[in-house]
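A.B. asks: Going line by line, the protein sequences match chains A and B.
Here the working numbering is used: the first residue of the first sequence is 17, the next is one more, and so on.
Here the working numbering is used: the first residue of the second sequence is 88, the next is one more, and so on.
Hints listed in this document are in silico derivations from the structure and should not be mistaken for laboratory results.
Quick caveat: nothing in here was measured; it's all calculated off a predicted structure.
Certain hints may be false.
As the list claims (entries may be wrong) - Using 25 Å as the maximum straight-line C-alpha spacing, the simulated DSS-like pairs for lysine-lysine come out as follows:
1. A/Lys132 to A/Lys265
2. B/Lys103 to A/Lys402
3. A/Lys402 to A/Lys419
4. A/Lys132 to A/Lys315
5. A/Lys132 to A/Lys211
6. A/Lys315 to B/Lys103
Unchecked claim - In silico negatives: residues of chain A with every beta carbon more than 10 Å from chain B:
7. Leu18
8. Lys28
9. Val64
10. Asn73
11. Gln118
12. Arg165
13. Leu207
14. Pro304
15. Gln336
16. Gly380
17. Phe385
18. Glu404
19. Asp411
20. Arg415
21. Leu417
22. Thr425
Here a beta-carbon is modelled for each residue, glycine too, at the ideal position from N, C-alpha and C.
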Amino acid sequence: MLIFERSRSGRKSAAQAPAATPGAGEIPGRYLRTKPPLLPECSELDVVRHYTRLSQNNFSIDTHFYPLGSCTMKYNPRACNALAMLPAFLGRHPAAPDDTGQGFLACLYDLQEILKSVTGMAEVSLAPLAGAQGEFTGVAMIRAYHDARGDADRREILVPDAAHGTNPASAVMCGYMVREIATDAQGNVDLAALKAAVGPRTAGLMLTNPSTLGVFEQHILEMERTVHEAGGLLYYDGANLNAILGEAKPADMGFDAIHINLHKTFSTPHGGGGPGAGPVGVNSRLAPFLPLPLVAQRKGGYRLLGETDRPLSIGRLGAQLGNAGVLLRAYVYARMLGAEGMRRVAEFSTLNANYLMVELAKAGFEIAFPQRRASHEFIVTLRRLKEETGVTALDVAKRLLDKGFHAPTVYFPLLRP
Amino acid sequence: MSEILVEARGDPQLLKTAPHATPVRRLDDTKAARLLDLAWTPRASGKL
């Protein structure tokens with residue numbers, strides 16, 4: 017039932033009634049409404065009970081286990097949220113001069129440095145406002161790089177068929193044709209298919225590693241050589257960064273760009289529809305094209321770099337510097353973990369996934385790639401159960417709700433039955 | 088998950104009609120996405 021449907025003429029709620037706005041009497045009469053606004057008329061208790069009841073209809077992380085996500089999962093400590101909500105952070109105007117926000121900028125500068133350290137990249141921009149925008153940014157920088165070299169014939173982006181749908185979508189938004197690369201029986205990108213696909217039209221490869229199938233690409237270095245030798249660049253989708261956090265760096269795998277989903281790997285709840293943040297890291301080849309603003313340390317202070325500092329930048333992705341609240345939560349989380357804690361994230365997420373995979377196999381579930389060690393996640397296929405009983409993955413997901421668990425992502429990646 | 092696997096083999100209908108213990112039962116996500124109902128209008132409800 018909607019709050020409007022609870023409305024009864026003449027009912028009022030003093031607690032929710034706004035106080036008269038000072039100065040309202042100065043508004044010219046022609047701008048004043050002649051009819052009262054169409055608002056529900058409810059008592060205070062009506063309102064409290066209505067919204068409390070609605071909140072109880074939700075399946076939430078405050079009340080249940082909620083392992084939703086086709087990618088990295090992590091814990092979101094309340095402390096990160098509490099510190100990001102400090103009044104001085106909340107009260108800072110996004111257009112305030114750099115001089116009046118040195119503490120805020122220092123946190124963001126440190127975050128850039130931490131993400132550089134974790135990925136091995138030369139520079140990081142915090143500007144992208146979401147994971148998919150981070151992908152878009154990565155491909156836009158690849159395009160800017162080729163355009164700057166006059167290499168205009170490179171019109172194709174290679175995307176494995178196990179990728180998130182946002183990968184091909186981002187490539188298309190940047191004006192590229194997408195070429196899909198098959199997956200082999202081991203769950204790796206089919207190396208022969210990749211070698212057959214690369215060529216003078218290849219602008220780059222978008223790769224999620226570990227993949228959405230939950231396995232680490234076994235031929236990652238050969239893939240890197242194949243694409244680079246063809247003149248293309250490599251973009252690393254950091255959706256599954258938990259599995260390698262602090263243990264392996266995409267830059268060491270030869271990748272030119274990466275985006276990191278802070279809402280997946282560094283605090284901030286994931287799966288709630290936002291807000292998110294998708295910072296990008298690049299090697300020195302792509303650094304001139306990074307989106308603005310960047311946070312720089314100059315003469316003992318911090319300031320935002322703009323177009324005059326970085327004339328080759330692909331530009332700005334929003335009115336301000338990223339999603340500040342998400343960036344601050346990530347900064348606190350990273351500082352709480354430290355370098356040792358980051359490695360622990362990778363070790364525990366991998367250990368937990370493999371433990372669960374073995375337990376489910378023992379219980380009788382069919383594992384999609386039983387011969388492979390899981391990274392941070394794994395795929396269970398219910399094809400056989402459906403053939404035997406008619407029960408589908410959706411039915412199992414719904415039954416899990418009765419047991420107090422939200423189901424993990426179902427029917428993804430699409431290439432699995 | 089082990090319990091659910093046993094239920095699937097012994098009483099598949101229990102799973103086909105799940106969930107049973109939630110405030111809201113199985114929703115038609117596809118219909119909700121295709122037929123958006125986002126705004127309330129007084130004419131539709133006859134109230135206010």
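A.B. asks: All hints, please: hold or fail.
C.D. replies: Okay, the hints, checked on the actual structure:
Of the pairs offered as hints, the one joining lysine 132 of chain A and lysine 265 of chain A holds, with about 10 Å between alpha carbons and a cut-off of 25 Å not exceeded. Restraint check for lysine 103 of chain B and lysine 402 of chain A: satisfied, since their Cα atoms lie roughly 11 Å apart, inside the 25 Å limit. Distance restraint check for lysine 402 of chain A and lysine 419 of chain A: the Cα-Cα separation of roughly 21 Å lies within the 25 Å cut-off, and the hinted pair is therefore satisfied. Simply put, lysine 132 of chain A and lysine 315 of chain A have alpha-carbon atoms about 21 Å apart, close enough for the 25 Å limit, and the pair holds.
Distance hint between lysine 132 of chain A and lysine 211 of chain A is unfulfilled; the C-alpha atoms sit about 30 Å from each other, more than 25 Å. Annotation: proposed proximity of lysine 315 of chain A to lysine 103 of chain B is violated, straight-line Cα distance about 66 Å (limit 25 Å). The Cβ of leucine 18 of chain A does not lie farther than 10 Å from every Cβ of chain B; its closest approach is about 5 Å, which violates its non-interface assignment. Every CB of chain B is more than 10 Å from the CB of lysine 28 of chain A (nearest about 15 Å), matching its label as outside the interface.
The beta carbon of valine 64 of chain A sits about 18 Å from the closest Cβ of chain B, which is more than 10 Å, so the claim that it is off the interface holds. Look at asparagine 73 of chain A: its CB is around 5 Å from the nearest CB on chain B, not clear of 10 Å, so calling it non-interface is violated. Even its closest Cβ contact with chain B, about 43 Å, leaves glutamine 118 of chain A beyond 10 Å, as expected for a residue assigned away from the interface. With a closest Cβ-Cβ approach of about 43 Å to chain B, arginine 165 of chain A is found to remain outside the 10 Å limit, as its non-interface label requires.
No Cβ of chain B comes within 10 Å of the Cβ of leucine 207 of chain A; the nearest lies about 34 Å off, and the non-interface call holds. Non-interface call for proline 304 of chain A relative to chain B: holds, since the shortest CB-CB distance, roughly 42 Å, exceeds 10 Å. Remark: the non-interface label on glutamine 336 of chain A is consistent with the geometry, its nearest Cβ contact in chain B lying 28 Å away (cut-off 10 Å). Against the 10 Å criterion, glycine 380 of chain A falls within the reach of chain B, whose nearest CB is about 5 Å from its own CB.
For phenylalanine 385 of chain A, the non-interface assignment is confirmed: its Cβ lies about 18 Å from the closest Cβ of chain B, beyond the 10 Å cut-off. At roughly 7 Å, the least C-beta separation between glutamate 404 of chain A and chain B is not larger than 10 Å, which violates its mark as non-interface. The Cβ of aspartate 411 of chain A sits about 4 Å from the closest Cβ of chain B, inside the 10 Å cut-off, so the non-interface label is violated. For arginine 415 of chain A, the non-interface assignment is contradicted: its Cβ lies about 4 Å from the closest Cβ of chain B, within the 10 Å cut-off.
Residue placement check: leucine 417 of chain A does not keep its beta carbon more than 10 Å from all beta carbons of chain B (closest about 4 Å). Interface exclusion of threonine 425 of chain A from chain B stands, the closest Cβ pair being 14 Å apart, more than 10 Å.
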